[in-house]
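Heads up: the sequence lines are chains A and B, in that order. First residue of the first sequence: 1, per our numbering; consecutive thereafter. First residue of the second sequence: 1, per our numbering; consecutive thereafter.
Please keep in mind that the hints were generated in silico from the structure rather than gathered at the bench. Do not rely on the hints blindly, as some may be mistaken.
Claimed, not checked - Cut-off 30 Å, straight-line C-alpha distance, at most; resulting in silico cross-link-like pairs (DSSO-like, lysine-lysine):
(1) A:K238 / B:K134
(2) B:K134 / A:K245
(3) A:K238 / B:K60
Claimed, not checked - A partial selection of chain B residues facing chain A, derived with a Cβ cut-off under 10 Å:
(4) A17
(5) L35
(6) I114
(7) P115
(8) L152
(9) P156
Where is the CB? At the ideal position from N, CA and C, for every residue including glycine.
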Amino acid sequence: MNLYRARRLRNAIASALAVGATAVGLCWLGMVLGILIWNGLGGLSLRLFVENTPPPGASGGLLNAIVGSTLLVLGAVALGTPLGMLAGTWMAEYGRYARLTPIMRFVNDILLSAPSIVVGLFVYEILVAPVGHFSGYAGVAALTLIVIPVVVRTTEDTLSLVPNELREAAASLGAPRDVLIRRLTYRAARAGLTTGVLLAVARVSGETAPLLFTALNNQFFSLNISGPLASLPAVIFKFALSPYKDWQALAWAGALLITGFVLTISIAARIWPRQRKPT
Amino acid sequence: MRHGQIGDAAFRSLTFAATLALAALFVALIVALVLGAAPAFRTFGLGFLIDQSWNPVTEKFGALAAVYGTLVASLIAMLIAVPLGLGIAFFLSELCPAALRSPIGIAIELLAGIPSIIYGIWGLFVLAPFLQAKVQPLLIALFADVPGLSLLFAGPPYGIGLLTAGIILAIMVLPFVASVSRDVFAAVPPLLKEAAYGVGATTWEVARNVLLPYARTGVMGAILLALGRALGETMAVTFVIGNAHRVSASLLAPGTTISATIANEFTEAVGDLYTSALIALSLILFVITFAMLAAARYLLLRLERRSAK
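Just chain B, same shape as in the assembly (with noise of 0.2 Å):
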């Protein structure tokens, strides 16, 4: 009896332990990024965040350019990932053949699995040399005659920079918003779609005016969740960003992100100050990914106590 009650405070407080540990490695991260981030934000100030300058020689740093590099990228992204990855939802949910359903579904799911140096590659050898031989030449002559849109389009056809890393991301990404949004679509109560075939609704009806509204706050999380994805993906992107540290309005322009400037620095960076400045770097990457995982995670809060009550 006594046995069994050590072998359990025993077990008890390993598993605590366990716990505890992991507490503080999250600790432990933050606050190593906090202090090797500290000499850059001591000696930059908040300047740091929208300073474009990035000069290794006269030790001059500014995180705009790769933060401005992320941000596009990813939206990029997402402009292309949401709508695909909508559409794929709502084929798996409403469309498909029942038998197909599983199978299209883990095909879509493996775009997540193949690790993502494997899409850098695919990117830097097939797709940028695609874009710049056949799509970018057509996108510039088309849109520089329209005002505004000539300025997201100028410049050589480069073939690397924030559209190639923006497409690739979306390839990236398009799996967590199809499978998330396939799988809130599937928790919409039977009733509500039976109810609205029942008057007559065509599928494409059901799905704009039952299913997307009732899977709103849930696609949203997916949406989010999608985009913490994109927004710290490093190894694609670094394979098609150009490295080049500047905020230039083409999306054709070489750039650079956050993940990317980290990686193909870091090795190289001489001084504490670089070295430095790059932590800072990640250190705002950290927060913004934490930011869009704190929305996610509330929006999915909010789904759960809705279909709880």
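So here's chain A without its partners, still in its complex pose (with noise of 0.2 Å):
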């Protein structure tokens, strides 16, 4: 009887505990989107897409940082998909079975998991030291390489999952190879695919530190990919560490409006497959 109630008590502590650890997950998330938009909400205003970025002291808005990122992200999307996409394919279809496949998983999950600051120094040798200046397309190119990997592993998995008898049963009909992938193999996983491109779009949307060292920041509003180029989480960055209360207020009003985006994004990611079953 004695051995029954302390197997019940110890159940009941580890319960308690457990119940406890998911409360502190939740808590931490609604502690951080909490404040956040206790701070940020106060900012949120139309000047902050019609003005640019103001010097010490003034105050303004953060259109050329939106501007900046949005082209940074639409150009790393628009290169690093179409690659990421292509080797994925070759990896699910033709070199399904090859001995580089599994090299190349493995070599792409290390460029998943590299750290963006890595990612952003090699731009810098690469791109910015030989030409001598920071440039967007440096910072472009920094988020291409952070979006490359994320697209190859959405690929090859979501590919990997269209049932073969669909392959089979295009392959017997005389389709070739290509015509197989590209009008069955690419529709059946097209929803996987989009989770893919918008995982991508949400992960480099944040991303601060590979634009560091390659795209810079810029003061003014420049649609100049050949020169520096502002972004949100590069102005979030220098005025939340700045004196100014001014610049703190556009810092927490980015930081509202870049989570907000990166949160829809990855939340549509995740639902959208569940609505549109592949048929």
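Each chain sits in its own coordinate frame; assemble them with the hints.
Encoded structure:
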């Protein structure tokens, strides 16, 4: 009877601790988001989207940073998605049983988990140092290097999930392999492929470290990709660490913007494939 | 017919070229890091790894303080995140009502979606002042008379430092530990769990004696993945680490990590040797995270082989 009670007690304690751990995790999320909204909401206004970043001590908006971030992210996704999808296609289709594929999978995993600051340094060495100045191109290149492994991974994973019977059916009708892949497997895996791109966008939008030595930052409005380019994360970094109250308020507002954007996209990426089952 | 073959050959070459491009990027990354780091290693030799000094004026550089800070901050993060993450995984897989399982799981995973710079400003403006005002004085007073621990919690409460960085990192890697562990717990054959419940085991005993031993390899893999993540994290740490190049026993003292050093100093680094020393640091970081990933992959691979049997 005593043993029985001791076991019950131990079970109750362990369960309580597990519930506690979950509560701590949820509280952390609540606290981070709550404080972000508390500090950022006050700065959220139309001015953010129509005025450029101000000099110290003045008020202004984040227009140039938002435009810069959009350019960088769009550029990186536009470059990284095709390359990543093609490589993922080879690994899942043509090279499924090739000896190279497991090696490439590992290489891709290394790139996927490489610290983003290391990626930034690499791009600095090959695209900034030789040219002699920071540029939006280098920023795009650094973000592209982060997009590629994400897309390769999701492409390979989702293509591998397409049932082989579909491929066999198409092949037996005489479809060449490229037609089979483009007309059939890509369509069957569309939801998963979209998720991959969304995840890549979410991942890259908040990246700061790889931009520090590549796109740098720009106080002024600029669409010139061959010069330094502002980006939301870089502006947040600079403004948050500054002693000026106006700058800090802008940093919080920018932080709220970017978190809202990233979380919306990552939730969408999770819900999308469930609603659109491959047919 | 021939047209189809040409199309296929072209598409095949295109995809293969993309795969080769991926490999080329990887090789270029390593070559660039090694070439960039070469001057530093040539000047300081392997002593670079165990030298604490970091003086841009006299151009004397050593990686020890940054490597030490990186390892200690990540260790603190794992000490917090692993028990919490396993607790969450246990809750989600055994205790949670089915209706709440998915929302809570997604909420925890959202912690991983928040950009690291957000954690940085949160740490700087919220966590660091709180620790400085409330927690650290308490720790200092509490352990002042305990030999050993008094060294770990010595000095004035700065707010920023290794402990704060470790706590921020713990929040960031928690979802990795939790969600991967939950997934490996879910992969435990239901038969085993049912058998244990059938002989009257409590939920905790099932978790302790069935889930954990069965999923041990997978959990280790999850921990290593999270550790790799913590080691390479930059922005969140840069805000709260203090950027002080020294090795100090106290967890409350400001320190630095490899990634924070690079983020703080690279744009201001003048002189080839300074730049090279920073690139050498990033090479060390790359090698460390590579080792973590390789170990994690190896463990997860072993797990796959076992479950395939």
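Evaluated hints:
A distance of roughly 28 Å separates the Cα atoms of K238 (chain A) and K134 (chain B); the hinted pair therefore holds under the 30 Å criterion. Proximity of K134 (chain B) to K245 (chain A) is assessed by CA-CA distance (about 25 Å); at most 30 Å being required, the pair is judged to hold. At most 30 Å may separate the alpha-carbon atoms for a hinted pair to count; K238 (chain A) and K60 (chain B) meet this at roughly 29 Å. The restraint placing A17 (chain B) at the interface with chain A holds, with a minimum CB-CB distance near 8 Å, inside the 10 Å limit.
Taking 10 Å as the C-beta contact cut-off toward chain A, the hint placing L35 (chain B) at the interface holds, the least distance being around 8 Å. Below 10 Å, beta-carbon pairs count as interface contacts, and I114 (chain B) has one with chain A at about 6 Å; its hint therefore holds. Annotation: P115 (chain B) was flagged as interfacial toward chain A, and the flag holds, the nearest CB pair being 2 Å apart, inside 10 Å. Given the 10 Å rule on beta carbons, the hint for L152 (chain B) is violated: about 23 Å separates it from the nearest Cβ of chain A.
Interface restraint check for P156 (chain B): the shortest CB-CB distance to chain A comes to about 22 Å, outside 10 Å, so the restraint is violated.
When each numbered hint is compared with the structure, violations occur for hints 8 and 9.
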